[in-house]
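Chain by chain, the residues run as shown.
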Amino acid sequence: MDRLDATKLSRAENKLRFDSGCSHVIPEEFAHSIPIPFKIKKTGEMGFKVLFYPVTTESQAPSMAASPFVEGIFSLDGSVPDHCTATTDQKVKILGRAVPSGLSMVSYYRGKSLLYENLERITPLYFADSSLAAGDIKNISAFVREFKRVSEPALWPDYYRLSPDFWNWIQKNGQVLPAPLPPQ
Amino acid sequence: MEALDNIQLSLYTKCVLPLKRIKIIATLFLSFLPCASFALPDHGKIIWKFSEKKPCVFKYKDGVSDNENVAVCYYMLANLKTPVSQFNRLPTEAAQKEFLRNVSVSAASAFSRLEKKEKAILGRNNPKNIPSQASSELKLKTMMKMEHTVLKDGKKACQPFLWPKAQEDSYLRKTNGNWLKTWRPCMKPFYERWGILNKKVQELQSGEVAKSQKKVQTLLSKIHGFKTGSVSVAQNSVKAWALSSGLEFRGNQNQQELPALARHFVLDQKSAPPPSPHPLSDAEYRQRGYFNRGYAAGMERLKDDALLSLSHSLGLSHTVGDPQGKAKNIIYQKGGTCAVEAQYEVLKSYGQNVTPKGLAEEALKKGYYAEPELKSGDSTGWTFLDDEGKLLRDHGFDISAFDPTDKDPTRTKNLDKAIKKDGGALVGVEAGRLWHLPDVSGAHEVFVTGEEVSNKNGEVLGYYINDTGTGEAARFVSKRDFDRAWRADGYEMVLFHEKPKK
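Residue numbers (this note's numbering), protein chains in the order written: chain A, 1 to 184; chain B, 1 to 502.
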């Protein structure tokens, strides 16, 4: 088991793909985004949203991410039932590189593990919305740093769309958001 | 078209000046500039009759054909959004002629740019640029790079003259990824150069395989030539030979195997070597597609196979399944058909009469495979997770999707069992991890056709795969690398078992 597999988040995200509510709308070949925490204040629901998107996969060229097709929702504690929604738009638009350029295999997967680990650490803080210690800010900062480094730049506007409240919270805690995310 | 809007000089000047160029154009593209036709008697308006089969039929109202616009017609089709209606909407023949003249000027200018680019591309990708005394490694690396770039850059340079425009390879589209007849005039020099490079690359790659085979054989003959000796002497001899032959024992595991390896040939030197995983014939070498992921990956595979040959010969490990037998069914997939074509390989290995195209069409018809159009006009394709393996089910197999939440050793045992009993399994992997390409992502389906098992403790050392994404067959992937790629796709797997025939 490698480091990424050790995170609950990664395992829950993988499980969602094969969930009966999702496997009929998620193709095998799709890539998935990094899960983003969300909360619905009215209902008190807290969970994660993840995007599944087509990606070009050739051994001679960098992979290109296309507009996401499926939005999945899951939680770690079962508070939100797993489900997926597919877009009805059959026109797919290539958005940009799926993996940022210049990363080695080791650096990419290490970065992704760090990202998931930090996301697991900061999500309870976001859900609790309580005051933060210096160590918490450090974890938020580490999350943003890795997010900028390994996430798909072409999907940044979609990441924002998934949970604006989460990104506002990040910004409120002194972090500079990735450039294409709308300034608050 | 911007160039058309920016014409500054008089049409006459533009028409006459590029005449020299037009002579060249005429050779390649018939004639862009029908200057001579300006003086033709007026037949009335020209009608451009477009059809898929005959896209460039120009006729006057009185039925007389105007064949002089054919080449310029392809240029218009490649560069204008709605050229046919734009042309036919023009009110008079004179307006149409003027329109054609303008397009011709623009085409001539584009051709002039193409000429420069063509010269540069062919100059850069000339095998004569490589010094004859260069090592075979440098020659092969450089030529493989040239082989790739000459077509890529050529296609880019020819873009203004390529109609219909390039599409993704597909089993379901008419163009089918082939070079179209209408592309040939422009692409010919690039394609010719690619042919020369490809021939040389094939020769050099065969040479690398032959060199590797020779090294292994020399090593094996030396090893089997030992009559007696101590383990340590034998161990050192094996290591020395392996290193001098360019074979590296990588990782701790192989280092630990050395004493056992040495002990074996001291005590059991008379046993006949088992079948070698190293390719024995040119046909086998071609099926395996060693260099399909590039030079470094090809050399890595050759080393892996050399070590496996050695390991077999010394009785350290054996292969379960028939990777080489299944290698002959390897194909290069078109579009996103990995899940479909992995099933094609399974069906072929069971002797079923199927074709890659036929299966893709069947999958599309049954809704297992989708090939939506991209906004760029290209296509992409995918198979829904729920529909994985359903083609096998429809062709007489029981299938079961493996539960990805199961932990090791259950999943590995299931895979091992499937290889022994049913000749393999379909496994979902992360393409970038499998191909060792950091900038590639996306899940991918491969056919696991065998595994390498240690004779010492029954441990699985790695798997053999057929990969339609790279066209590689019988590729050995170490267990560690395989697990990483498999894990990254959530341990997705489809097991199959042929139903008894009635």
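There may be inaccurate statements among the hints.
Restricting the straight-line Cα-Cα distance to at most 27 angstroms, the calculated cross-link-like pairs of lysine-lysine (DSS-like) are [stated by the list, open to error]: (1) B:K417 / A:K15; (2) A:K93 / B:K413; (3) B:K145 / B:K81; (4) B:K117 / B:K188; (5) B:K413 / A:K15; (6) B:K165 / A:K93; (7) A:K148 / A:K15; (8) B:K479 / A:K8; (9) B:K479 / A:K15; (10) B:K479 / A:K93; (11) B:K357 / A:K8; (12) B:K357 / A:K93; (13) A:K93 / B:K156; (14) B:K188 / A:K8; (15) A:K93 / B:K417; (16) A:K93 / B:K188; (17) B:K53 / B:K357.
It is worth saying that the hints were derived from the structure and are not from the lab.
Hint numbers not upheld by this structure, sorted from lowest to highest: When the structure is compared with the hints, numbers 2, 3, 10, 11, 14, 15, 16 turn out to be violated.
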